[in-house]
Amino acid sequence: GQQLNQSPQSMFIQEGEDVSMNCTSSSIFNTWLWYKQDPGEGPVLLIALYKAGELTSNGRLTAQFGITRKDSFLNISASIPSDVGIYFCAGLYGNKLVFGAGTILRVKS
Amino acid sequence: NAGVTQTPKFQVLKTGQSMTLQCAQDMNHNSMYWYRQDPGMGLRLIYYSASEGTTDKGEVPNGYNVSRLNKREFSLRLESAAPSQTSVYFCASSGERGGNEQFFGPGTRLTVL
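First to last, the protein sequences are chains D and B. First residue of the first sequence: 1210, per the working numbering; consecutive thereafter. First residue of the second sequence: 88, per the working numbering; consecutive thereafter.
Derived by calculation from the structure, the hints in this document are not laboratory data. Every residue, glycine too, gets a C-beta built ideally from N, C-alpha and C. Among these hints, one or two may not hold up.
[Unchecked claim] Derived CB-CB ranges, DEER-like:
{"#": "1", "chain 1": "D", "residue 1": "1289", "chain 2": "B", "residue 2": "127", "range": "20 to 30 Å"}
{"#": "2", "chain 1": "B", "residue 1": "198", "chain 2": "D", "residue 2": "1224", "range": "32 to 42 Å"}
{"#": "3", "chain 1": "D", "residue 1": "1303", "chain 2": "B", "residue 2": "149", "range": "18 to 28 Å"}
{"#": "4", "chain 1": "D", "residue 1": "1284", "chain 2": "B", "residue 2": "160", "range": "12 to 22 Å"}
With the rest of the complex left out, here is chain D:
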């Protein structure tokens, strides 16, 4: 089946830093979605991308739909402590979503 490779698996952030993560696949997707999950909660949709090359922002978050339709990235600018959590990419294949394994964001102590 379709697989998404999400990287990095985890990262530590310091308040104020910019953060980047990405998803790649050998398959073409028509839609890319980015979700965030807080502990004990369900994933919450952050950004949806529908066209190759599309660049979309939601506050401090910016995501791009790769031109080949096989990848997407998410940037978080000027991170704050509440940005910690697990970020998932998801690609729409037919009428089903395929999820990456997630990127865990932690705060540097």
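Following the hints, complete the assembly by docking chain B onto the known chain D.
Showing chain B alone in chain D's frame:
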């Protein structure tokens, strides 16, 4: 709007016991989904229902059954629970865009001993 609600929030079963996880949405969405989430593996689709009266298998359907009771409700049943089914289960729904923009419930944390 409550969005997507799931019951129960936590459950412990013994091997071989059965149970039903309940899910309801009040967003008038056509499509509903059941996922399981295991550490390091993201979310994997168990079953989905594109519309009332239809259900289809996802990536990991073995050991589960589903019922789309009406447009609002989609239940997941474990007939004979196994330790491998220990996981966090999420229900989701989506509207006009089909599988796009799925909205998730808070999850059910299931432990099978």
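Here is how each hint holds up against the structure:
1. D/1289 with B/127: 20 to 30 Å: Holds, since residue 1289 of chain D and residue 127 of chain B (Cβ atoms, about 26 Å apart) stay within the stated range.
2. B/198 with D/1224: 32 to 42 Å: 36 Å, holds
3. D/1303 with B/149: 18 to 28 Å: 21 Å, holds
4. D/1284 with B/160: 12 to 22 Å: 39 Å, violated
Of the numbered hints stated above, the single one contradicted by the structure is hint 4.
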